[in-house]
Every structure is written in C-alpha cells, then in structure tokens.
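Could you put the whole structure together from the sequences, leaning on the hints where they help?
For reference, the chains in residue letters:
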Amino acid sequence: MTALYVLDVPENAGVAEVAGRDPAVTVVRIGPYFEITAEGPIVIDRRATGCRHAVWYSSVAGLGRSRITQHDKDALRVEPA
Amino acid sequence: MTELQHRVRGVDHVAYPTFDPKGTVRFYRDVLGFPVVHSICAAGWGPEKHPDFIHFFFDIGNDDRLAFFYYFGLEPFEGGPQGDSYSRFAADVPVYFIRSRHLAIHVDSEEDLLEYRRRLDLSEWPVEMQIQHETIESIYTHDPNGYMIEITRALRPVTPQEDLDAELTIDALLDVVDGPDPSLGALLARKAELIVERAAAWEADQQATPAPAGSGGA
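Top to bottom, those sequences are chains A and B. Mapping of the first sequence onto the numbering used here: position 4 corresponds to residue 4, and the numbering continues sequentially without gaps. In the numbering used here, each residue's number is its place in the second sequence (first place is 1) plus 1000.
Everything labelled a hint here was simulated from the structure, so no lab data went into it. Even for Gly, the Cβ is constructed at its ideal location relative to N, Cα and C. Mixed in with the good hints there might be a few duds.
Quick list of simulated restraints, FRET-style, between CB atoms [as the list claims (entries may be wrong)]: (1) 24(A) x 1166(B): 28 to 34 Å; (2) 74(A) x 1022(B): 22 to 28 Å; (3) 40(A) x 1166(B): 28 to 34 Å.
Okay, the calculated bits of chain B under chain A, using three or more residues with CB under 8 Å as the criterion [unchecked claim]: (4) 1127-1136; (5) 1185-1195.
Now the structure itself:
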C-alpha cells in the first residue's frame, strides 16, 4: 500500500486532482489533508498539475510506509517502502 | 502544547555593522526612501578598547527599524573572499548557505513591490532576482555592505491549515533530527503518522471554534 499526504491549499489542488485521475488511486480527506493511496505506485505528472517548481518540490506533506523514487521536473513517483 | 501568552509586538530593530555609511545612507534613505528616524553618537568607553561609533536607524515601516553601527577607524576583518561586512566566508562555502541569512521586508501589494523594484533598478543596486515562491513574490538585491535584502508580498493570505501543517512539520522534525536518519524521508514518514493522529481532530475543532486565518504567522 502506498500513501501520500498533501495539504489542501489552493496551490496543491492540482496535485490531488491529477493523482485521482488514475483509477487505481483513491483520494480521501483527513482533516485539511488529501490522503492519496494505491496498492501500487502513485505517479503524478507535474505539467498536468500546473504547479510551479517551488510549489511542486514542497507539495508532499507526508509518506505512509512509502518512499519517493522520483521527484523531478517531470513527475512525482511514490512506491511502497 | 504550551499556553504561553504571545505578548511580543514584532521587530523593534535589527542591527548590522557598516564600513560604508555613505553607501548605506544612499541605499536605504535616498534610493529606497526609508527615513532616518534615530541616531546615537557615542564615545567609546568601558574596559574593552572600544572605538567611537554612530548607531543610526532607518524606518522600515510598521514602526520597525533597521539599524547600523559605524565604528570610527575600524577596518574590515579578514575571513575569506565571500560574504558581507559582518561575516566573511572561505571560497568553498556554498552560496545557498551564505544567502540563508537575510532580511525580508514586507509590502502589501504587487504595485508596491514593483515600485521598490523601479527604485532599485534606477540605482547602483538593481534587483538581482524576482521570484514567485510557494505563496509569496519577492525581489532581492545586496546592499552596499553585501547584506542580502528581500522585499516580499503575499500572493494570498495564510490559511489556518498552514499553521497546523507547520506545527506537524516542526514536531516531526524534532522527532527525527537526533535519530539515526535525520532526512526529509524520515520527517515525511513521521509527519504522516502525526497527520493520521491529529488532522481530523484539528478540523473538528476548527469547525467548532474557527480561528482567524494566519493566526500563527507565516
């Protein structure tokens, strides 16, 4: 199980929205955070999110038993730890 | 969580030394338009050999002040080819570290930010960078003493959930910083646990008693 947490602020809206386009990904809320989970990897395309770089590289709030295997100008990829 | 009353009222003054009072006054008073609001002319005294000095203050808005010390007869200290009038660094010290200490002065609007950009760009100290960060936009330059100065505006107000997020970040940082793996990965793993423990209850509390946005500051 992969779990990624993102704070719900206007700049991050695209991150949760793009992540949720994958049918294997579930997006729910825990308080003011999006909890983004999947059985396998979660992959988010940066350009699709519309995030500027400073937002993109600080958009991850937490990782539940998961690790980041790619976080660059193209994509964020999170996999089970 | 502490319940200490928060009684302080912002910056009274921050003080730096200068070896160039002419350049300093030109930059802050004549280019930026920050009024000189206070000064002290003092003869050196005390057991230590202390030079005579002038301590002078510029108004940076909000009744906050930026102050300088000019010591008569004092020469700059050695320490390396990089840095400013206070701190000199060896050539191999990375620029991100040297720039980490800086003063950021707030403006209320894009119009005000661009007005200060215009004043700087007409001077010997033009804007070196204009950057939109996460939720702020800033211009940067170095003053005649080499001190990095930022002027910044908020792109939107700080939201209450950002105060919660900051609390969870700092609690997670304090939990991992002395551990076996003080890394961003370890912090994000610990912070995920804190989000699961505390975020839902925080939101329920907010709905019961809404706090003013940005009450914790940015």
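Beta-carbon spacing of residue 40(A) to residue 1166(B) - inside the hinted bounds 28 to 34 Å or not
holds, 32 Å
In terms of beta carbon proximity below 8 Å, does the region 1127-1136 of chain B have 3 or more residues touching chain A?
holds (count 5)
Take a look at whether the Cβ-Cβ distance between residue 74(A) and residue 1022(B) falls inside 22 to 28 Å.
Since the Cβ atoms of residue 74(A) and residue 1022(B) sit about 50 Å apart, the hinted range of 22 to 28 Å is violated.
Please count how many residues of the region 1185-1195 of chain B have a CB within 8 Å of a CB from chain A and say whether that reaches 3.
It holds, with 8 qualifying residues against the three required.
Should the hint that residue 24(A) and residue 1166(B) are 28 to 34 Å apart at their CB atoms be regarded as holding?
Check passed, 32 Å falls within 28 to 34 Å.
The structure fails hint 2 only (numbered hints given earlier).
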